[in-house]
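J.: Please model the complete structure; the sequences and the hints are all you need to start from.
Order-wise, the sequence lines are chains P and F.
If you read the first sequence in numbering that gives the first Met the number 0, its first letter stands for residue 0, the second for the next number, and so on.
If you read the second sequence in numbering that gives the first Met the number 0, its first letter stands for residue 0, the second for the next number, and so on.
Keep in mind the hints are simulated off the structure, nothing from the lab.
You may find that some hints are simply not true.
Sample of chain P residues with no beta-carbon within 10 Å of chain F, all distances over it, derived [as the list claims (entries may be wrong)]: (1) Arg57; (2) Thr110; (3) Arg226.
Residues from chain F that face chain P, not an exhaustive set, calculated with beta carbons under 7 Å [what the hints assert, rightly or not]: (4) Asp104; (5) Thr108; (6) Leu132; (7) Asn134; (8) Val135; (9) Glu208; (10) Arg226; (11) Val229; (12) Ser231; (13) Phe234; (14) Ser265; (15) Leu267.
C-beta: ideal position from N, C-alpha, C; glycine also.
Protein chains: 2
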Amino acid sequence: MIQAARAALIALDWGTSSLRAYRLDAHGNVLDARNLPWGIMRLPEADPGDAGGSLHARFEIAFEAACGDWLRQQPGLAVIACGMVGSAQGWREAPYLDVPAGLPDIGSTLTRVDRGQGTPLHIVPGLSQGGALPNVMRGEETQIAGIVAGLPSHQTPNLLVCLPGTHSKWVRVTGQRIAHFDTFMTGEVYAALREHTLLGRTMRDGQGEDAQSFAQGLAVAGTPEGRAGVLSTIFSTRTLGLAGRLPATGQADYLSGLLIGHEVASLLAMRAPAQATLVLCGQASLCARYEQALAYYGVRDVVHAPQATERGLWLIARGAGLLAG
Amino acid sequence: MIQAARAALIALDWGTSSLRAYRLDAHGNVLDARNLPWGIMRLPEADPGDAGGSLHARFEIAFEAACGDWLRQQPGLAVIACGMVGSAQGWREAPYLDVPAGLPDIGSTLTRVDRGQGTPLHIVPGLSQGGALPNVMRGEETQIAGIVAGLPSHQTPNLLVCLPGTHSKWVRVTGQRIAHFDTFMTGEVYAALREHTLLGRTMRDGQGEDAQSFAQGLAVAGTPEGRAGVLSTIFSTRTLGLAGRLPATGQADYLSGLLIGHEVASLLAMRAPAQATLVLCGQASLCARYEQALAYYGVRDVVHAPQATERGLWLIARGAGLLAG
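T.: Below you can see the structure in the form of structure tokens.
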């Protein structure tokens, strides 16, 4: 009989639309991983007869599917989670930690969810930033912890980390501190414009990406016309098509380039990473688009970091003394 | 028996979502007006057995409903139309006139739609503007013609006309020429963000407008944080709510103010109306929002022009020699 490798932690990356579960050993190596569709906004249905409150029951069902067998196999393992599971719409609201925030401080403010007879769940705090326009993140702080730990140890981090996605985050890291961050809703705005405005009506699917149209859109933010801002420049997706200067099959990529260009140009104008290393972390094809945008607006040296959430969860759990053995 | 007042023209304001019909006398006074829901994107259904091509037949049905009885009552009246009816998705594509464009030139380039035994329809050209990001309008050129004619006759117009709406237009008019214009998709973007992104999820209906939240949003574009642009600042609709600094019932008005503020601030930075009179024309409550935004960003003298499309259609028809009698 084969003995299963011994784990030290169960780590959950629990977001809005998905739930990723990891069984990690004492060195943070991944022994098993699972990808479930049960983000906090699409939990499985509970038995209608359940008396324990339906939302709690639905979280329990997803939790059981994610790691119930792992816990029976090795009782006493700690479970840690990050992401929207700690939001007001999550299993339990985990208070935010204020920015600037030391990475080592994250593990000292976990929120514990007691589960009766079951193993408790520890939820990583999100980060909150004050100011005229406040800002929040949940999950990205854990990615940052993993990214920083993955850099060569002799470097004191001086980073601007870009995490592109539905909501892009740009995170300034100095030493072991998250100093500042910005959010751009670029991915979600792109989807809303494409699916729910006039701009989508003339778009046609092409064969793969239209690199030329993407580059054409990327340049807009840097032109004199770009000063009018996104609310105005996006209309060119339609008018360039009417003028015969943008094919219908290129209009989606043009709009993508235009939005990413506006994001990158304005971010760099506000927070040019003097002396800082620019790090990109995210889905590969999206990172390639951001790398092209960064190069166009003057930042050519970019470091690609692998996805680092499970590494960050392991580090935070270790800092909190949760590792088994 | 009462004799119906004698008309000189039938004028149609035929847009994407509605069709307005006017019976006008020799002085441009409105004798009758009708409002039909049959914009070019929601025409009435034709008889499935009709052999004449279903799209043409659907335009004919809408046309008949708009003015068939007026034409039978007074055969030989000319019919003129402006708006999206002249677009590629309209009844007949009416070629654009290039900007800069003289207002008197509009009437000399009407597109005639022959209707067999029926009275022909004359469609007003839209305007097209070249440049790095081209621009187009259909219908607003006719409003401008009406607005300019409504100003005191001793003034040589030197105007910046704002036509707020789904797609706002800002039109520079010098003398009898449309010199330049800009488009902002603010109204459509607002609806898409509200209905199809995370921002709408925390919004709640209040009792009427929340003027304080609107003003709070209006200011954002002028702050240092506003330099990040709309893709970033809109996220504050959510985060100010999370921080307890914006009620759920104020979030829609905050977002409206934020978007209008970005539009007005960037437009004025690019094309401050030195010596020009700023004219607002559109739906009253929306114009009030734009007037507040203009005042906040430094333009206090604003002239309100009444809706002027039927006046513009009458003027263009007169210039083209279409008036009866």
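J.: The output says Arg226(P) does not contact chain F. Does that hold with a beta carbon cutoff of 10 Å?
T.: The claim breaks: Arg226(P) does not keep its Cβ more than 10 Å from every Cβ of chain F (closest is about 6 Å).
J.: Using 7 Å as the Cβ threshold, decide whether Val229(F) counts as touching chain P.
T.: holds (5 Å)
J.: Does the interface hint hold: is Asp104(F) within less than 7 Å of chain P, judged Cβ to Cβ?
T.: violated (20 Å)
J.: Can we keep the Leu132(F) interface hint, with Cβ of chain P closer than 7 Å?
T.: The hint holds - Leu132(F) has a Cβ within 7 Å of chain P, the shortest such distance being about 4 Å.
J.: Minimum Cβ separation between Arg57(P) and chain F greater than 10 Å?
T.: holds (19 Å)
J.: Classify the hint on Ser265(F) as holds or violated, based on whether any CB of chain P lies nearer than 7 Å to its CB.
T.: Holds: closest Cβ of chain P sits about 5 Å from Ser265(F), inside 7 Å.
J.: Please check whether Arg226(F) passes as an interface residue: C-beta within 7 Å of a C-beta belonging to chain P.
T.: Interface hint status for Arg226(F): holds (6 Å vs cutoff 7 Å).
J.: Hint validation: Thr108(F) versus chain P, beta carbon distance must be below 7 Å. Holds or violated?
T.: violated (18 Å)
J.: Identify whether the interface hint at Asn134(F) stands, where standing means a beta carbon of chain P within less than 7 Å of its own.
T.: Interface hint status for Asn134(F): holds (6 Å vs cutoff 7 Å).
J.: Interface hint check: Ser231(F), Cβ to nearest Cβ on chain P, cutoff 7 Å. Holds or violated?
T.: holds (5 Å)
J.: Grab the minimum beta-carbon distance between Thr110(P) and chain F and tell me whether it stays above 10 Å.
T.: holds (16 Å)
J.: Tell me if the interface restraint on Glu208(F) is satisfied: Cβ within less than 7 Å of some Cβ in chain P.
T.: Violated, about 21 Å.
The structure fails hints 3, 4, 5, 9 and 15 (numbered hints given earlier, in ascending order).
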